[in-house]
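Knowing the structure of chain A, use the given hints to seat chain B on it.
There are 2 protein chains.
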Amino acid sequence: MELNGNFFEGVEKLLEIWFSQSEGSSGSGDARNVSRYTWETILDIVQCKILDEIHDESQTAYLLSESSMFVSKRRVILKTCGTTLCLQALPHIIKVLEDECGLDTVADCFYSRKNFMKPDHQPHPHKTFQDEIIYLNQVLSDKQHVNENQVNGFSNNKHPGSASYCLGRIDGDCWFLYTLNHVGNTNLIGVDEPDQTLEILMTDLDRTVMDKFVLCDENGDKHDDDKITEMTGIKDIIPDSKISAKLFDPCGYSMNGLLPEGQYWTIHVTPEEEFSYVSFETNWKTGSYAGIIEKVVKLFKPGRFTMTLFANKSSSLDISDWCKPGGPYVEGFCHQDIQTARLQDYGLFYTNYAKKQNMIKQ
Amino acid sequence: MELNGNFFEGVEKLLEIWFSQSEGSSGSGDARNVSRYTWETILDIVQCKILDEIHDESQTAYLLSESSMFVSKRRVILKTCGTTLCLQALPHIIKVLEDECGLDTVADCFYSRKNFMKPDHQPHPHKTFQDEIIYLNQVLSDKQHVNENQVNGFSNNKHPGSASYCLGRIDGDCWFLYTLNHVGNTNLIGVDEPDQTLEILMTDLDRTVMDKFVLCDENGDKHDDDKITEMTGIKDIIPDSKISAKLFDPCGYSMNGLLPEGQYWTIHVTPEEEFSYVSFETNWKTGSYAGIIEKVVKLFKPGRFTMTLFANKSSSLDISDWCKPGGPYVEGFCHQDIQTARLQDYGLFYTNYAKKQNMIKQ
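Note that the protein sequences, when read in sequence, are chains A and B. Numbering of the first sequence is given in my numbering, commencing with residue 1 and proceeding in unit increments. Numbering of the second sequence is given in my numbering, commencing with residue 1 and proceeding in unit increments.
So here's chain A without its partners, still in its complex pose (with noise of 0.2 angstroms):
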């Protein structure tokens, strides 16, 4: 991984994208028969290299030097961390998904990231989120149509009719999200299959725990990767996944795991003391995530962390339940802020934890 100085930015930025097939269109409409060397190209501009792949009967896994890509049917999640140009690939998937698999339309669109520990030593136009969502808007207007008569905002420039936010604290530990906003138009385009994701985005982890994830031991001798997916535990986080994990040198840990019908889960490990981060993330269909959450936060041991959950109306999860007073409840942790969202089609949790005795007393 890429160090800028003594630092490195552990905090990814996640593009998930939707595509559709117009009638019209031509084409395989399965983005799973872009070439790895295509993927290649495209990520050469982000600034990334692939390291692993693998598959199953509907999505192929992309481990990169700097996090992961899922690819499947009509779905690819581009999630890249340090200072790669996540947002640059956008105009590239969307023309080869359209050339080479006839997948024409951006059915939804979805950027997402927690706010960097280092927002300066990013490439524009990730230095902030309102530059972020000028390039998004542009990407996205040139290949929408642009309504013209948007409500909201931005009434100079070109629109794809989106919807900004920043769940948390904006002068602190938040969460800012981009997404397509299909006024009056759900029933044409958007997904309509049943879609949930949890990120849990750890900070100030434990020191023992981090230890863990060097690629040499005190004897110089290299570190399986797959024996350090079991050993720490990760591999039990959701058990029978098909697995794909990597040391870096000298430090740092990734990995991709893959379940039945488009099911995914990953993990990026920076055990750095000064800018400790670990990001898990999973879509996996459950009607509830406190298991994943407990053992999640009882193996890599954070100090702090944010959580992040999206359902979209056709999911069974019910995010209700976790808007009660008191929200999820985390042993040993205890909330700073949460927040819920009613989005378009989306309903979003999000929420910020402490350990109890990192609780600042004035």
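Hints may contain errors.
Treat identical chains as interchangeable: a pair holds within one or across any two.
[Said to hold, decoys possible] With a cut-off of at most 30 angstroms between alpha-carbon atoms, the simulated BS3-like pairs for lysine-lysine come out as follows:
id, residue 1, residue 2
1, Lys-301, Lys-355
2, Lys-222, Lys-212
3, Lys-127, Lys-235
4, Lys-313, Lys-355
5, Lys-212, Lys-246
6, Lys-313, Lys-356
7, Lys-298, Lys-95
8, Lys-295, Lys-246
9, Lys-356, Lys-143
Since the hints were derived computationally from the structure, they do not count as laboratory data.
Relative to the frame of chain A, chain B by itself:
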């Protein structure tokens, strides 16, 4: 009201400060002892004037050339529109209340506003919410014990332990809120009496309604402020209130209403078609605001409106009712965004409505 070209920013900056008196402090402990002359000196800095004044046993309400000010024993609310310098008042209010009344502690402080229609017309620090946060942190850090171990953000700035939020769409209709965040210290300072505030911030208002708020009729005869308050139905929104109202030249309207026990309501009308805006605000203690919301919306007939509701733990209002799917129903209107936030001592509810026929079809 001041016009900036052919534009007036109706959207108000709203500052609410709660004070307390430390044990060693001498003085009346009553902010109402500050003279009108002293307030006028402070309001000169803000660039607005006192036009009228009413009071009851618990508070004084000042009608300003740009909105309103309410002063009760230990609470000061300053709400100013246009291009006024609302926040410039804060250090002076803090100093005067300490020097003249012995109110030497800022128990709580809230600053909030809707997104401006034309932020570039605003003077510093009001052009951006980020600048407003920096200004507030500087003023309140000078006053308060600064939390040097602050967990969140602003590590290189003075930071009084604040938390700031953006509810709604960061690139469209939204509402910004700055709060103090007395982490781990809720029993020492903060507001322990029941407190709740409802705001209805309306745009794109009905022309027939707006045309009522002109100083002179077609014959050039001046309208009577009180008659307009009665004739429009404003007087009946919360009956049995002590009211102070004023029409502006050539158009525009402001009113303050007082009710027992520190309760107030206030309305400000910017009627011009190109930038019509009406705000309604009250801390009226009720278990349900449904009736009030219906009255206000039926009276002013907005095309769109933002509603915020703030209630602390001591309040009898249960905002979790508002968080159920669908949220509070307003006939003829659709929700665009519904958000909730649980802050340290407060629950917050935000929603944005648009008239059904105004919903944009792509």
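Hint check results:
| no. | hint | in the structure |
| --- | --- | --- |
| 1 | Lys-301 <-> Lys-355 | within (9 angstroms within a copy, 48 angstroms between copies) |
| 2 | Lys-222 <-> Lys-212 | within (12 angstroms within a copy, 81 angstroms between copies) |
| 3 | Lys-127 <-> Lys-235 | neither (35 angstroms within a copy, 50 angstroms between copies) |
| 4 | Lys-313 <-> Lys-355 | between (33 angstroms within a copy, 23 angstroms between copies) |
| 5 | Lys-212 <-> Lys-246 | within (13 angstroms within a copy, 71 angstroms between copies) |
| 6 | Lys-313 <-> Lys-356 | between (34 angstroms within a copy, 21 angstroms between copies) |
| 7 | Lys-298 <-> Lys-95 | neither (43 angstroms within a copy, 49 angstroms between copies) |
| 8 | Lys-295 <-> Lys-246 | within (21 angstroms within a copy, 62 angstroms between copies) |
| 9 | Lys-356 <-> Lys-143 | between (48 angstroms within a copy, 28 angstroms between copies) |
In summary, the structure is inconsistent with hints 3 and 7 from the numbered list given earlier, while agreeing with the others.
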